[in-house]
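Participant: So the sequence lines, in the order shown, correspond to chains A and B. Take the first sequence: its position 78, counted from the start at 1, is 78 in UniProt numbering, and no numbers get skipped. Take the second sequence: its position 180, counted from the start at 1, is 180 in UniProt numbering, and no numbers get skipped.
For the record, the hints were derived by calculation from the structure and aren't laboratory data. Cβ coordinates follow ideal geometry from the N, Cα and C atoms, glycine included. Incorrect hints may appear among the rest.
[Unchecked claim] Per the computed footprint, the stretches of chain B lying under chain A, defined by three or more beta-carbons under 8 Å from a beta-carbon of chain A, are:
(1) 50-61
(2) 101-113
(3) 119-132
[To be verified] As a list, the in silico DSSO-like pairs of lysine-lysine whose alpha-carbon atoms are at most 30 Å apart:
(4) B:Lys121 to A:Lys80
(5) B:Lys41 to A:Lys80
(6) B:Lys41 to A:Lys53
(7) A:Lys50 to B:Lys121
(8) B:Lys121 to A:Lys75
(9) B:Lys41 to A:Lys86
(10) A:Lys53 to A:Lys65
(11) A:Lys75 to B:Lys41
(12) A:Lys65 to B:Lys41
(13) A:Lys53 to B:Lys121
(14) B:Lys41 to A:Lys50
(15) A:Lys66 to B:Lys41
(16) A:Lys65 to B:Lys121
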Amino acid sequence: MTSDNQQPVFNEVIHAPIRLRICGLLDTYGTMRFDVLRDTLEISDATCSKHLKTLAEHDYIQLDKKAGEGGKAYKVTWVKLTREGKQAFQSHVAALRQIVAGQ
Amino acid sequence: MANTQQKQQTQQMPEHKPVNGQQQALDALDALQTLDADRAKIATGYAALRTSNIVWIAIVFGLLTFTYWLIPQAWFNRFNLPWNPIWVVAALLVISLLLLAAVIMLNSRRQGIAPQWLAPKPAMQSRRYTMAVAVHFFVNFIPPILALAVGFATTAWWSAAAVTLVGAVINGAMEAWECDEIVRALQQRTAPDSSALDSSTEVHHDIG
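Only chain A is shown next, with the shape it has when bound in the complex (with noise of 0.2 Å):
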């Protein structure tokens, strides 16, 4: 993980279970499509927009509608960690692990 040189703060709309599994994921991954991102965490549909859209408000993700391949009807969702939800998350990662070291 990369919170070392990331100054803690602890964050509550990041600390959520499933919202810091998205953030982990993103921050790993960059970008990822929707369902992939909602397979992967096991979870439902609207389960994984309300998270989205609560991460979105806080400008910590981009969420991307694109043409679905070779351009047919339905929109393929992206979504992206902004560089905001990058630091957000890297410095709730290094609060976690003070909290954990016990500091």
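Use these hints to put chain B onto chain A, whose structure you have.
Facilitator: Below, chain B without anything else, positioned relative to chain A:
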């Protein structure tokens, strides 16, 4: 609006006082372990792609090495082709690069992620992976130099086959090493050992 909310959230932080410090530490540990488990899941995906990656990279770099073997032949026009043989070299070079781009695109499509030219972040931060990439970079020069030298010396078909094989094997082996290091880096536990937390729990109980 979003920034204001964000500030409000971070300002709430001091109010986030747990009922019990030990419980908070356990929760934090649990959260870190969950992140480790998710990364291990990602590692499984990379491990599944290992064989196909090696085969693709071997094909691409085998073809590239063959292209290098062709350069001296084209330069001296040894096959007496009616057209400029440098076009063959250029076409092979383009095919190799297109194949490489196709590998990256297909892999990212299978994984459901945006195309990545670099390995996942935990791998990029791993010293072992960096070493594998550095070694690959330097070893990468061997097949082209060999192919140019052999291509300059002979036009025999078996020499072309041999250098192509050398290029494919060397780069395939390096790719295998890199894949292993990516999987290793993703599987690495980052959460602190829970036994340390358990021992501190015992101290807090102060029984006896």
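Participant: Against this structure, judge whether each hint is valid.
Facilitator: Okay, the hints, checked on the actual structure:
1. Residues of the region 50-61 of chain B with a Cβ under 8 Å from some Cβ of chain A number 0, which does not satisfy the need for three, so the listed coverage is violated.
2. Only when three residues or more bring their CB closer than 8 Å to a CB of chain A does the claim for the region 101-113 of chain B stand; here the count is 3, and the claim holds.
3. As drawn, the region 119-132 of chain B meets chain A at 4 residues by the rule of a beta-carbon pair under 8 Å; at three or more, the given contact holds.
4. As the CA atoms of B:Lys121 and A:Lys80 are separated by approximately 15 Å, the hinted pair is consistent with the 30 Å bound.
5. Distance restraint check for B:Lys41 and A:Lys80: the Cα-Cα separation of roughly 19 Å lies within the 30 Å cut-off, and the hinted pair is therefore satisfied.
6. For a cut-off of 30 Å, the pair hint linking B:Lys41 to A:Lys53 stands: about 24 Å separates their Cα positions.
7. Restraint check: the Cα-Cα separation between A:Lys50 and B:Lys121 comes to about 27 Å, which is no more than 30 Å; the hinted pair holds.
8. Distance restraint check for B:Lys121 and A:Lys75: the Cα-Cα separation of roughly 28 Å lies within the 30 Å cut-off, and the hinted pair is therefore satisfied.
9. For the proposed pair B:Lys41 and A:Lys86, the alpha carbon gap of about 20 Å is at most 30 Å, so the pair holds.
10. The straight-line distance between the Cα atoms of A:Lys53 and A:Lys65 is roughly 14 Å, inside the 30 Å bound, and the hint therefore holds.
11. As the CA atoms of A:Lys75 and B:Lys41 are separated by approximately 27 Å, the hinted pair is consistent with the 30 Å bound.
12. Taking the CA atoms of A:Lys65 and B:Lys41, the gap is near 26 Å; set against the 30 Å cutoff, the hint holds.
13. Between A:Lys53 and B:Lys121, the direct Cα distance comes to roughly 25 Å. Compliance with the 30 Å bound is thereby established for this hinted pair.
14. Between the alpha carbons of B:Lys41 and A:Lys50 the distance comes to roughly 23 Å, so the proposed pair stays at or under 30 Å and holds.
15. Restraint check: the Cα-Cα separation between A:Lys66 and B:Lys41 comes to about 26 Å, which is no more than 30 Å; the hinted pair holds.
16. Between A:Lys65 and B:Lys121 the CA atoms are separated by roughly 25 Å; this keeps the pair inside 30 Å, and the hint holds.
Comparing the model with each numbered hint stated earlier shows that hint 1 is the single one that does not hold.
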